[in-house]
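A.B. asks: Can you make the complete structure from the sequences, with help from the hints?
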Amino acid sequence: MVHKLIFLYFAAVILISAVLTVTRKNPIHSVMYMLLLFFHIAGVFVLLNAEFLAAVQLIVYAGAILILYLFVVMLLSVDREVTALRANRFWPWLIGFGVLIAGELGLLILQGRFPADAGHPMRAESASGVGALGMELYTNYLVPFEVASIILLVGLVGAVMLAKKKTNE
Amino acid sequence: MIPLSWYILLSAGLFTIGVIGVLTRRNVFIVLMSIELMLNAANINLVAFSHYLQTLTGQIFVIFVITVAAAEAAVALAIIILLARNRGSIYVDDFNIMKG
Amino acid sequence: MSSPIQEILKSMTPLAPEIIVIAGGLLVLILDFFTDKQYKGYLGWFSLGCLSLAAVASHGMVGTTSSVFSGTFLIDPFSTYFKFVFYSACGLGILVSINYLKDENIYRGEYYALMLFATSGMMLMASAGDLITLYLGLELMALSIYVLAGFMRGSNRSNEAAIKYLLLGAFSSGIMLYGMSLLYGITGTTNLGAILQFLHTADLANPVLMLAMIMLVVSFGFKVAAAPFHMWVPDVYEGAPTSVTAFMSAGPKVAGFAVLLRVFLYALQPLHGQSTAILAGLAVLTMAVGNIMALSQTNIKRMLAYSSIAHAGYALVGLAAGGPDGAASVMLYVCIYALMNMGAFGVVIMLRKAGERGEDISDFAGLGKTNKTAAFLMLIFMFSLTGIPPTAGFIGKFYIFQSAVQSGLVWLAVVGVLLSSISAYFYLRVIMVMYMKEPVGSFEISRAPSLALALAVSASFVLYIGILPSQLLDFAKASIAGLM
Amino acid sequence: MLRYALIPLLPFAGFLIAGLFGKFLKERAAYFAIAGVVGAFALSVLAFFDVLGGTIINENLYSWISIGKLSVNVGLQIDQLTVVMLLVVTTLSSLIHIYSVGYMHGDKGFARFFSYLALFTFFMLVLVMANSFLLMFVGWEGVGLCSYLLIGFWYEKKTASDAGIKAFVVNRVGDFGFLLGMLLIFATYGTLNFSEVFKAVADPAANFNYLLFGSEISVITVISLLLFVGAMGKSAQLPLYVWLPDAMEGPTPVSALIHAATMVTAGVFMVARCAPIFSLSPSAMNVVAIVGGLTAVFAATIGLVQNDIKRVIAYSTISQLGYMFLGLGVGAFSAGIFHLTTHAFFKGLLFLASGSVIHALSGEQDMRKMGALKSKIKITHAVFIIGSLALAGIFPFAGFFSKDEILWSAYNASSLGRGLWVLGVAAAFMTAFYSFRLIYLTFYGKSRMDHEAEHHVHESPKVMTIPLMVLAFFSVVIGWIGVPGAIISHANLFGDFLAPLFPHAEHAVAAESHWFELGMMVFSVVVALAGIRGAYAWYVLNPSWPAYWAEKYKGAYTLLLSKYKVDEVYNYIFVDGLVHKLAKVLYTIGDVKIIDGAVNGLAQAISSTSQQSRKIQTGYVQQYAFTMGLGLVVLVGLYYVLN
Amino acid sequence: MLELIPNQLGYPLLSLLIFIPVIGSFILLFVRNAAAVRWIAVGVAAIDLALCLPLLTGFDTTTANMQFGENLPWITAWGINYKLGVDGISVLFVALSALLTVISIMVSWTAIQDRVREFMIALLFLEAAMIGVFTSLDLFLFYIFWEAMLIPMYLLIGIWGGPNRLYAAIKFFLYTLVGSVLMLIAIMSIYFAAGKTFDVLAIMNHQFTYAFQMLAFAAFFAAFAVKVPMFPVHTWLPDAHVEAPTAGSIILAGILIKMGAYGFLRFSLPFFPDAALAWTPAIMVLSVIAIIYGAYMAFAQTDFKKLIAYSSVSHMGFVTLGIFALNSQGLEGGILQMLNHGVSTGALFLAVGVIYERTHTRVIAEYGGIAARVPVYATFLLIITFSSIGLPGTNGFIGEFAILLGAFLHFKPYAVIASLGIILGAGYMLWLYQRVALGKITNPHNEHLADMNLREVAAALPLVVLVFFIGLYPNAAFQMVHVSASNLLQHVNAKVQHVPAMAQAVGSLLGK
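Chains as they are written, first to last, in our numbering: chain E, 663 to 831; chain S, 500 to 599; chain X, 5 to 488; chain R, 4 to 646; chain L, 46 to 557.
Since the hints were made in silico from the structure, they are not lab data.
All clues stand as given, with none of them false.
Here are the simulated SDA-like cross-link-like pairs (lysine to any residue), alpha carbons at most 20 Å apart as the crow flies:
#1 L:K241 x L:L117
#2 L:K241 x L:Q252
#3 L:K457 x R:G180
#4 S:K598 x X:A292
#5 L:K457 x R:Y192
#6 R:K160 x L:I409
#7 X:K373 x L:A156
#8 X:K481 x L:T242
#9 R:K72 x L:F456
#10 R:K160 x R:D311
#11 R:K160 x L:P489
#12 R:K111 x L:H493
#13 R:K72 x L:T107
#14 X:K14 x X:S74
#15 E:K826 x S:N585
#16 X:K373 x L:Q158
#17 R:K161 x L:T347
#18 X:K373 x L:L74
#19 R:K587 x L:T347
#20 R:K587 x L:I409
#21 R:K377 x R:S365
C.D. replies: See the structure below:
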């Protein structure tokens with residue numbers, strides 16, 4: 663019961679802040695709301711006994727990615743945003759379209775049958791999932807793990823190569 | 500006990516909001532953030548499932564998603580900077596030299 | 005009694021090709037610091053060396069089947085076949101780039117590194133046994149190509165291409181992720197084999213299952229440029245540096261089909277009934293859009309972009325047909341398509357001179373007089389793309405439509421051939437311009453050995469397969485082993 | 004066998020030599036052609052005696068076409084009818100060849116002319132010697148070809164080449180019938196060989212009836228009529244006669260050989276050859292007779308008023324051909340052939356003589372510009388008189404016997420015989436009238452030539468006059484080979500000679516009516532003389548009459564003068580209307596607008612679709628994303644709808 | 046049932062016929078000098094022509110089986126073989142292709158000055174493809190050659206053609222392509238329906254269901270009707286002919302449009318006899334329309350080549366009329382008529398080419414009275430004119446007569462109407478000849494025309510000889526055809542299972 667309430671709180675905040683993120687005129691505000699959103703998602707993760715992920719969510723997502731966003735947003739002139747149009751001129755229709763999507767998703771999901779629906783309580787030992795997680799990560803999912811490193815490298819190289827000021831060309 | 504479908508509906512909502520953002524907002528940053536919303540929606544799903552299925556795969560997946568998101572964000576922002584430099588604009592609908 | 009590390013090392017051996025390619029990429033990055041700008045070309049040759057090394061490694065694995073890391077990574081004839089296609093696509097891509105980059109004064113080693121990384125991403129996609137590996141491979145490829153697309157930092161078109169590709173790519177991978185998550189939720193696993201096992205017993209009427217499948221169709225459709233998820237293609241192809249376009253039109257598309265085959269004909273095989281309907285519909289739409297829109301293009305890169313959409317449509321026909329022949333036909337087709345398309349772009353690059361020269365179809369005017377060889381090669385590629393024998397293009401199309409007929413999709417085949425005969429119009433227009441129009445002011449064209457090599461390879465391939473397709477055909481038929 | 008094969012082949016050799024080497028041989032080319040034809044003549048004479056000796060030859064040279072049960076050979080059939088034709092053709096041909104040496108002297112197409120003439124002789128001989136319909140058809144169209152070539156010989160004259168085309172195409176219309184006739188014959192009897200077909204026709208089992216327009220028509224009638232259509236074309240019968248007058252555009256020897264003596268009689272020959280078929284179908288025979296009779300009168304009326312010397316003779320030819328068909332139609336086959344023979348000589352003579360006149364007047368053909376030539380060109384004048392008397396059918400000239408035989412058998416023929424007889428007599432009267440009108444206008448009265456022309460008038464050279472005289476001689480005597488029994492019994496050698504070939508219709512006449520028959524002869528001669536006298540009265544005694552009467556009955560006169568306006572009508576309906584105008588319409592509407600319009604329209608539609616759909620590709624990322632989303636939604640929606 | 050008689054000669058005759066031109070064109074790739082190119086090209090073509098001698102002399106006229114057979118595995122995965130062979134139906138056209146190629150090279154000697162090498166290469170490549178089409182006994186192989194022909198023909202029209210060549214070339218290409226892709230689908234369906242084989246001889250013996258036959262026949266018809274071309278899909282032909290260079294027109298008229306009819310004989314009839322029977326009335330009517338309509342079109346033309354093109358439509362109408370009469374006379378007549386049309390129309394286009402090279406116009410009104418200047422040419426034109434009119438003694442007559450006879454035996458009205466076409470034919474051809482050759486010289490440019498030179502005469506002579514040879518001794522050709530044709534008919538009759546309604550109607554008409 664308590665769980666439900668907590669979840670509902672998190673859900674509410676997540677959705678609201680998501681809406682705000684999408685709707686704010688000033689991107690900096692959006693980033694802020696996004697931050698809020700990430701915190702609550704982390705909360706949801708905790709609800710789901712994924713403490714480690716919650717941490718990652720906060721550290722990487724909130725701590726790294728969002729900050730990066732923030733920097734760039736500030737780097738590039740924000741003031742213009744005040745004058746410029748917020749959304750393209752079709753936005754009302756597109757929102758309707760979004761509602762349509764939501765409707766379809768909702769319908770299908772409600773009709774859907776998930777084997778997990780039984781909803782067993784989480785057993786204690788896997789509560790301390792971090793160790794198991796690590797084990798999985800470094801054995802079965804070693805290949806993806808290594809690839810992830812390459813992806814980050816590519817991101818790095820790409821970012822540097824593209825963003826740095828013109829030099830020798 | 501929280502029914503699984505709640506989580507999924509939540510993610511669905513989040514996903515939808517993200518999609519709407521992508522489709523409507525002109526500011527390229529916010530478009531990108533909306534995409535992040537979509538990813539997070541997926542993450543919620545994954546974690547929820549992994550919880551109810553008692554397999555860690557979902558959580559692992561999430562880790563990778565976050566990693567990729569980071570790399571993607573880096574590249575994206577780099578390109579945006581480039582555009583802002585060359586084109587002096589960060590509005591997606593200004594970027595349409597090529598059409599037809 | 006060996007330690008886990010040794011276990012891991014042992015199970016690393018099947019990854020040899022990927023490791024070689026990635027290591028090559030890293031080395032290129034390092035070497036880049038020590039090479040002066042006029043020698044950057046050698047980095048290209050170096051990466052070619054890596055590719056051929058990897059090819060040797062994969063050649064050792066032809067016919068072998070093994071799965072390591074509890075099935076997250078598979079080595080089977082299927083993946084090996086595709087790896088060879090990737091090698092050749094990347095190799096040709098590099099060959100056409102070496103000189104092109106000089107012309108564009110891009111002197112950056114990263115270029116080759118990124119191509120290698122992209123290739124390794126594709127290779128992972130081909131041999132992914134797990135949705136996670138699949139996702140990462142796909143993202144690795146995608147990221148590298150985002151960067152490559154924007155590689156001409158100075159050019160607005162290039163930037164625009166990059167941002168468009170990136171935004172839509174990210175959007176589509178968002179959809180894909182959501183689909184994957186649902187799939188995971190239903191089947192309780194991300195391992196493709198396990199998913200197949202699960203679906204054999206599960207009830208397939210589950211709507212969410214369908215939702216997941218559709219989302220995967222959308223995102224993979226985006227990668228292979230199937231209508232209506234194709235709209236990025238013309239813009240990105242036009243904007244990206246031509247050499248990258250060439251590579252893009254071959255590599256990622258083929259990789260996309262590898263994934264499509266793996267997921268829809270293997271993991272989701274039980275759902276084939278439903279997926280066929282969807283894929284057939286997409287195929288028709290894609291062929292129609294590609295061929296009809298290409299008619300009115302004046303920029304050859306755009307025209308080839310639409311043509312590549314149309315070709316994705318043909319390949320989808322084979323996918324919709326399904327079955328061993330369907331799969332084999334798709335594999336054969338994408339291979340042939342990759343090489344002939346590479347060739348066509350190679351000629352476009354050949355014409356690439358100061359400014360936008362060579363981008364407009366009218367720039368080909370009188371090529372048949374000014375440069376007979378280039379014109380003749382283009383003629384071969386155009387007829388091959390049209391699918392006129394005795395070129396490889398015909399063989400590919402033939403197999404595709406034949407498998408469609410075999411699985412009772414005669415109507416689809418008829419639609420396909422009719423739409424493909426529309427395509428004759430715009431391919432022939434290029435020939436017409438080359439041979440039947442008078443040259444407008446002579447312009448010399450690049451005669452770099454690398455480019456010549458690339459064209460020679462692809463042209464001879466097109467003709468050889470057109471006349472003696474048996475070997476490749478048998479190879480393709482043998483390579484579906486891992487799938488069925 | 005070879006001996007007979009040589010008959011056609013010799014002229015062919017002449018053609019090849021004259022044709023291929025004409026450039027070097029110049030006028031010497033004529034000798035080869037003449038040699039060939041004369042050789043053929045000699046061989047024909049031999050053949051004649053063979054046949055007289057009772058050897059009928061019917062042999063195949065080689066198998067020509069053989070598909071399934073269709074098997075046609077190239078083979079010769081030499082019987083009485085053939086040899087008669089052989090003699091006529093080769094004789095006339097030889098004489099005219101010789102004549103032409105003088106007539107064509109100095110023409111730049113001299114060699115070409117002789118090669119054509121020889122080629123014609125070849126085809127004509129093939130026609131008469133063929134032993135199957137198909138081979139006959141070869142000769143049949145071959146002579147058509149030569150007639151086309153020779154009519155248009157002076158090809159720089161538009162009228163000449165027009166006339167050539169007209170001749171060929173009108174003949175094609177006839178051949179259309181002939182062809183269908185052959186097809187039907189094969190479909191019915193399974194062969195095209197004369198003797199086999201005739202054998203098959205004889206047995207009633209092979210024949211059946213068609214139900215056409217509610218009336219039973221026997222297949223034989225259909226066949227006969229179809230074949231007769233062919234004959235109509237070739238022999239210029241109503242309504243297909245229109246080409247013959249125009250054919251006079253050709254050089255006069257051509258008119259003499261092709262359009263008087265030989266080719267135009269091919270139709271007559273063909274009907275006679277097919278006598279076994281025709282005689283089995285009374286209705287067909289009647290058609291033949293009626294068409295013949297009408298043509299005879301019809302053409303004669305036109306002949307009355309023509310002013311072009313050659314056209315007069317041309318119309319008289321048509322009318323005489325009508326006579327022949329009249330004879331055939333009433334079953335007097337041998338009479339028809341007899342008239343063919345005599346006609347060949349005296350009509351050939353008349354043409355050559357008129358040629359000589361034209362030659363003398365250096366090309367003038369209009370009789371209104373002649374007159375009083377009697378003294379200037381005596382020989383020509385003499386032979387002309389002889390020819391005209393023969394044509395008019397005055398005893399004892401050739402025409403008398405043949406024409407009279409026809410009239411007599413017509414008179415005795417079936418119910419409508421009498422009517423036909425009247426037609427015949429009327430034609431005879433007019434014939435006499437116009438042929439002497441021609442003579443008076445040409446040779447008598449006062450000269451209407453301009454002086455400069457009058458100055459040049461000269462008699463033709465020997466090489467021309469000698470053939471004239473030979474022909475004149477024949478025109479007198481040739482008739483005597485067919486003296487009717489009424490005058491001297493059993494003197495109709497000709498008839499007896501041909502008798503074995505034909506069903507004996509005319510011999511049904513009872514012998515005791517000889518006196519009546521003689522009376523008829525006298526009567527017809529009187530009619531002819533009346534005609535002559537009339538002409539004399541009009542054109543010699545009081546030359547003002549023609550103008551006066553022409554004025555009085557202007558309408559009738561102009562109608563005759565303009566040949567009943569038939570050509571104009573044909574031109575309007577067929578040539579302009581049904582061919583050229585219709586073709587234009589079909590092309591511009593049917594092909595260009597409808598068919599090609601549809602094709603190009605489709606192409607247009609596709610390309611414009613393409614142009615339009617480019618607008619969808621706006622270049623806005625979000626629109627692209629939206630499209631993707633739309634795809635997703637639609638797919639899901641579809642799934643949702645379908646379940 | 047037909048078999049493949051392996052080639053008895055020491056050398057693979059048919060393969061040589063196909064590949065010598067290919068090799069020749071490959072050699073040409075390395076020759077720069079135009080004169081050398083011409084000589085090599087004509088030499089190669091001549092060798093090919095010479096090789097037709099053993100073909101014709103060694104041909105056994107007593108068997109309907111496929112002779113000079115070659116059979117090598119090619120694409121084993123699809124059961125495709127490199128299978129060649131000729132029978133009475135195809136042998137003549139192999140020879141004709143070789144002959145016309147030589148002739149077209151000779152007439153292009155001076156006419157083509159621009160890119161001679163490419164021109165000759167295209168021509169030789171075309172020859173190889175044509176011979177391949179006539180000799181291949183594997184549907185896949187056949188289709189390869191069939192489509193491959195499009196490439197050189199497209200280039201010939203498009204590069205060396207007249208002012209409106211681009212339109213004509215693409216029209217030609219698309220028209221034929223659309224037709225043949227449908228056939229491709231049919232071929233694939235046959236492959237599965239007949240038990241995974243492309244082997245023509247095997248498929249001939251396979252009994253398809255009636256429904257399948259109707260559809261597949263329709264698909265094949267689409268391809269062949271366009272090629273022939275039959276009535277409403279003929280409009281590509283005039284454009285292609287008008288714009289094509291002389292050599293192109295000769296090949297196009299001489300060989301390419303025969304392949305449609307050949308396809309009917311080789312595939313449509315033996316594969317789908319029931320469907321053929323059912324379709325016969327429709328096809329016969331279309332043929333008759335084509336005959337009359339084509340003739341009318343010819344009357345309306347002011348362009349020399351266009352007129353001849355439409356006359357081809359008319360003549361090919363006779364061919365299909367004969368073939369679908371489905372009796373020996375019609376069938377063999379049709380085959381002979383294909384040959385005749387190849388000779389006569391080829392010669393006609395040669396004539397056009399000769400005069401066009403001198404006057405550079407094809408507008409009939411621009412000529413007139415040239416007979417006075419160029420007697421040899423005028424004579425040649427005259428002979429060909431009468432050959433195409435179908436004058437007895439020339440080749441044209443034999444074919445038309447046999448066809449009309451066949452049609453007449455099949456159903457009389459067809460023959461009656463078709464015979465009208467003969468009258469019209471005489472009309473427009475003679476009118477054409479008059480406007481070209483006769484009359485006074487109207488156009489001062491023609492005052493000093495040069496007559497045909499030795500090369501042109503040499504090119505024309507074989508055709509003229511053929512005109513008369515076939516006209517006087519057609520059995521020489523028929524002997525080749527007889528056995529195969531009658532075998533084909535037997536085969537069709539034997540295979541016909543249940544006679545469909547339409548055919549019954551025709552049958553009753555045939556009864557009377």
